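Given these sequences and hints, build the entire structure.
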Amino acid sequence: MSSDKGKELGEGSSSRSAPADQQQPAQLSRYESQKRRDWNTFGQYLKNQRPPVPMSHCNYNHVLDFLRYLDQFGKTKVHLQGCVFFGQPEPPGPCTCPLRQAWGSLDALIGRLRAAYEENGGLPETNPFASGAIRVYLREVRDSQAKARGIPYKKKKKKRSQVKANDEASSFPMQSS
Numbered sequence: 001m002s003s004d005k006g007k008e009l010g011e012g013s014s015s016r017s018a019p020a021d022q023q024q025p026a027q028l029s030r031y032e033s034q035k036r037r038d039w040n041t042f043g044q045y046l047k048n049q050r051p052p053v054p055m056s057h058c059n060y061n062h063v064l065d066f067l068r069y070l071d072q073f074g075k076t077k078v079h080l081q082g083c084v085f086f087g088q089p090e091p092p093g094p095c096t097c098p099l100r101q102a103w104g105s106l107d108a109l110i111g112r113l114r115a116a117y118e119e120n121g122g123l124p125e126t127n128p129f130a131s132g133a134i135r136v137y138l139r140e141v142r143d144s145q146a147k148a149r150g151i152p153y154k155k156k157k158k159k160r161s162q163v164k165a166n167d168e169a170s171s172f173p174m175q176s177s
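Using UniProt numbering, read the sequence shown as starting at 1 and increasing by one per residue.
Any given hint could be a false lead.
Stated by the list, open to error - Simulated restraints on C-beta separations: (1) G82 to L123: 21 to 27 angstroms; (2) P54 to S144: 17 to 23 angstroms; (3) V84 to E118: 44 to 50 angstroms; (4) L123 to Q81: 37 to 43 angstroms.
To be verified - When the alpha-carbon atoms are kept at most 25 angstroms apart in a straight line, the in silico DMTMM-like pairs for lysine to aspartate or glutamate are as follows: (5) K147 to D107; (6) K35 to E125; (7) K35 to D107; (8) K75 to D65; (9) K47 to D143; (10) K75 to E118; (11) K75 to D107; (12) K35 to D71; (13) K75 to E90; (14) K77 to D107; (15) K35 to E140; (16) K35 to E118; (17) K35 to D65; (18) K147 to E125; (19) K35 to E90; (20) K47 to D65; (21) K77 to D65; (22) K77 to E90; (23) K47 to E118; (24) K75 to E119; (25) K47 to D71; (26) K47 to E119; (27) K77 to D38; (28) K75 to D143.
What the hints contain is simulated information worked out from the structure, not anything from laboratory work. Keep in mind that this is a model prediction, so the values were computed, not measured. Glycine included, every Cβ here is placed at the ideal spot set by N, Cα and C.
As structure tokens, then:
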């Protein structure tokens, strides 16, 4: 019976020489692929520093420099204080203000790198991506981009009161996201 096991998928072809559980690597999710790509990019950035910085010597200053370096590849127009379009959500014309990385992109990047650091053997206590300085930098980027666009950032409210009301109406526990 074990000889018939693999024939459903392979239809008896000889393309499968190893059992499915031994094949590596498995198809990565989009998140996992992006996390790996980000980790490799950051590692390459550190190697390209003069002198090269080993990951074990990386600190939040290297991370901040990396985030500033990435700004040159950004696609989000961030109006400067002196620009006539400063504070306008939809400016009527072009200007010479710089393109930067969007706050949301940087925030997501730091989240992926923070996870990758620990997955690659780093200790949570020494994680440079989890530093308070990184959180401050991201907050400043978020606030400055919101002012430049004239759209205040609004934190998403948790639905605590709704969850409590639903808990009373149902005996099933609800997960809040």
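- prompt: Among all the numbered hints in the text so far, which are the ones the structure does not match?
  reply: 1, 2, 9, 10, 18, 19 and 24
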